[in-house]
Amino acid sequence: MRYPQASGSSRLTRVLGWSALAALALNTWWGLWLSPPDVVQGQFVRMLYIHPAVATMCYAGFGVCALGSVAWLWPRLRSPRWDRLAVAGAEVGAVFCFATLVTGSIWGRASWGVWWTWDARLTLTAILFALSLGYLALRRSIDNPHSRALASSMVAVLMALTVVVDHYATVWFVTLHQNETLFQPDPTIHGWQLATMLVSFLAFGLVFAWMMVHRYRLEVLEERYEREGFTSALEARRSEALPERRVEVPAR
Amino acid sequence: MWRDALVVAGKDLRVEGRSKVALNQVVPYSLVVLLLFGFAFDQDQPLLVQAAPGLFWLAVLFSGLLAVQRTFSIESADGAADSLRMSGLEPAGIFVGKVVAVAVQLLLLEVFLAVGIVVLFHSRLEGAGLLAASAVLSTTGVAAAGVAYGALSMGTRVRETLLPLLLAPVLAPVVLAATEAWRAALGFSSGDGWRWLGLLAGFTAIYLAGGVLSFGALMEET
Amino acid sequence: MPYDLAVRLRSAVALAGRYPLLAGADLDVRTGEILALKGANGAGKTSLLRVIAGLIPLSGGEATVLGLDPTSDARALRRQVGLLGHRNGLYEDLSAEENVRFAARAARPPKGAAREALARLGIRDRLAELPTGKLSAGQRRRVALAALLARRPLLWLLDEPHAGLDAEHRELLDGLLKEVAALGATVVLASHEILTREVLAHRVATVSGGMVLDGLIVDSPVPDAPAIDGPARDGPAAGNMAQPDLEQPSVA
Amino acid sequence: MNYVVAAWLSCGAILVAYSARTLRRERSLRRSLAPKDGPRWR
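Going line by line, the protein sequences match chains A, B, C and D. Mapping to the working numbering: the first sequence position 110 is 110, numbers consecutive. Mapping to the working numbering: the second sequence position 181 is 1181, numbers consecutive. Mapping to the working numbering: the third sequence position 209 is 2209, numbers consecutive. Mapping to the working numbering: the fourth sequence position 8 is 3008, numbers consecutive.
The set of hints was computed from the structure by calculation and includes no laboratory data. From the three backbone atoms N, C-alpha and C, an ideal C-beta is built for every residue, glycine too. It is possible that some hints are incorrect.
As the list claims (entries may be wrong) - Which bits of chain B does chain C cover? Going by a derived footprint, with three or more residues having C-beta under 8 angstroms, they are:
no., stretch
1, 1010-1016
2, 1066-1078
3, 1086-1096
Stated by the list, open to error - A few chain A positions that, by computed beta-carbon distances, are all more than 12 angstroms from chain C:
no., residue
4, H51
5, A60
6, R81
7, L133
8, P145
9, V171
10, L234
Stated by the list, open to error - Label-pair ranges, simulated between beta-carbon atoms:
no., chain 1, residue 1, chain 2, residue 2, range
11, A, L32, B, F1039, 19 to 29 angstroms
12, B, H1122, A, R109, 44 to 54 angstroms
13, C, I2194, A, E235, 25 to 35 angstroms
14, C, G2122, D, R3025, 31 to 41 angstroms
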């Protein structure tokens, strides 16, 4: 892998970054001004152009984390790449999860008049967010790279399974949330609203990808920083040897 | 593996029996938690009776966290963790042994708690079959998830505060399912309680299998 | 290999996070030999024992203990290895006999093995029933040693075994170790006591700065091992002329 | 209508904050790694 330039933005991230910004601008323009207010919900329909897209990216993030962890656990596939992907997915996923909760509760406040409702999807996202905080806290508390990857990928897989169980638990517990407006057989929205929603998915998808690349690269740099530190720590350690009995360790 | 599990469970329960920490500290703690719930609901009798199953299982969750931290603190005292690793016992056996030990302590605790909610919250316990089945299943689930994540504290210098943060969201579905099963048993909710039992069984199976597979690696020193 | 090597380490590197516990340790220990490790605190004696026992994975170099690789098949190796660390690894609430029986459980000991091992270490009847929390430090040390003895390990790794023992039990331990070594077991012990090293040990190696300065047996047929300067004292027959101990406190 | 704006701004703020943090950490790591190796990094 060639050394990334010191400036920090390679061709890939520059392209991704700018196209994401362009798509976001388009989404904002269409979402806030161009698309007509909904006959039922009035202006609140505009939430449709943020919340579902952000929520999807949240699940995408945790999906990447779970897949990365499974790949890392698979003996033949094991390589630091998967671990870096897992941590990138988890962290970016957690950010989008937080955004989902915020926009979701704002939407709830707007249309149902209350900040938090015990609704299946919102509760599941909240649990997901708590799980991700636990995962990230766990990663910070182990410094040995191999065992950190091992413990966190196992925890990630266990958490992914827990989310499956949670899904049924919350759905049975309460079924209040309106089902997916977009993926219904006959979408109840069309025309401008549909178009804007697709744009929102594109925009946030690009933002998601851009963040993932940067976070992944950050992990690579951190690893190199640690390796850098390691060689100097090794020399310092060796210099502690009794001075007059210094032994030239045969260079293997 | 099962023989090792029995040995470890025997050891844990004997240590618990001798030191009586579970009996003298965790049980009173859970009863105090019930009292606090009582204060929080301030004599609103009908509400308390309604909420009793939920409060019961919340108290079990908090006590479960304590029991798991306790079962791993006896390992870290005097470096017993290393002798456990060196003992050559099957890691899966150690995991199952510890789960059994924690589950037995929690079940014992639940008997006290059941008496507690009957006395404090005046709830009448019927539908015993569903109550007992969901209690055993969810206690095993709590113990399995607790010991699986607790192994992290044995392997790494993980601070005590990490375990509750990791465990609480994971145990959320268990508390939910157990509460709903009990509410159905006590006739508060119309839903059929046995469906929640299926969810509990699924959760417990996941964590028992996950723990057996991963305990060996998790308990290693990092 | 004319010598049957119980332990063979070549430039072993072991990490705790980023700190190199071992920075390229080379060591040979023959079967049936009693090797003493000397060195200041923090030089790496304890880490060396724990690496040989397979408790700390190797990050570099290679190691063969009792014919096994301590990092990959650690669990199989540990059944044949007994490690006594600074702490005794006992359960205070259990009695001495229960502790020893639990420790030896995996080795499927014959019926009275626990009591017999305890008796060998001078822990008899009433003492064996008391919870170990109530015993004195010296007695607890002997119970830990009995737990080791009951497991009949092929390789004894002892970290300051004589700490806390009175004179009478010191000879008892020395006698036990000599007897066990004569039976073909190998003993590697870390000790600050010069007397122990000179009287008991067949060979003494110095650990400093995460390395073993004279760990290799000079006439061992390892082709690429360069001649290590400094007198290689070995052979129990040759009187161990007291090596002037340069025990300056190392910069740990 | 201000709910919609609130949602938009809050979501934007969260994403921008996180991206800024990541970029800053990345740049600081690069600076600590880069100088020692000097130009041959190119």
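Practice task
Grab the minimum beta-carbon distance between A/A60 and chain C and tell me whether it stays above 12 angstroms.
Solution key: A/A60 is indeed farther than 12 angstroms from all Cβ atoms of chain C, at 32 angstroms.
Practice task
Report holds if the minimum CB distance from A/P145 to chain C is greater than 12 angstroms, and violated otherwise.
Solution key: 9 angstroms, violated
Problem - Distance restraint evaluation - C/G2122, D/R3025, Cβ atoms, bounds 31 to 41 angstroms - result: 60 angstroms, violated
Problem - Hint check for A/R109 and B/H1122 - Cβ pair distance inside 44 to 54 angstroms - result: Since B/H1122 and A/R109 have Cβ atoms about 38 angstroms apart, the given range 44 to 54 angstroms is violated.
Handout entry: Non-interface claim for A/R81, where every Cβ of chain C lies beyond 12 angstroms
Key = 19 angstroms, holds
Practice task
Determine whether the non-interface label on A/H51 survives the test: each CB of chain C must be over 12 angstroms from its CB.
Solution key: 41 angstroms, holds
Handout entry: Outcome, coverage of the stretch 1086-1096 of chain B by chain C - at least 3 residues whose beta-carbon is closer than 8 angstroms to one in that chain
Key = holds (count 5)
Practice task
Beyond 12 angstroms from every chain C Cβ: check whether that's true for A/L234.
Solution key: For A/L234, whose nearest Cβ neighbour in chain C is about 5 angstroms away, the distance does not exceed 12 angstroms, so it is violated.
Exercise for the section: Evaluate the given range 25 to 35 angstroms for the C-beta pair formed by C/I2194 and A/E235. Expected result: Between C/I2194 and A/E235, where Cβ atoms are some 31 angstroms apart, the hint holds.
Handout entry: C-beta pair A/L32, B/F1039: status relative to the range 19 to 29 angstroms that was hinted
Key = 49 angstroms, violated
Problem - A/L133 non-interfacial with respect to chain C [C-beta, more than 12 angstroms] - result: 23 angstroms, holds
Handout entry: Distal placement of A/V171 relative to chain C, Cβ over 12 angstroms
Key = The assertion about A/V171 holds, with a minimum of 42 angstroms to chain C.
Comparing the model with each earlier hint shows violations of hints 8, 10, 11, 12, 14; every other hint is respected.
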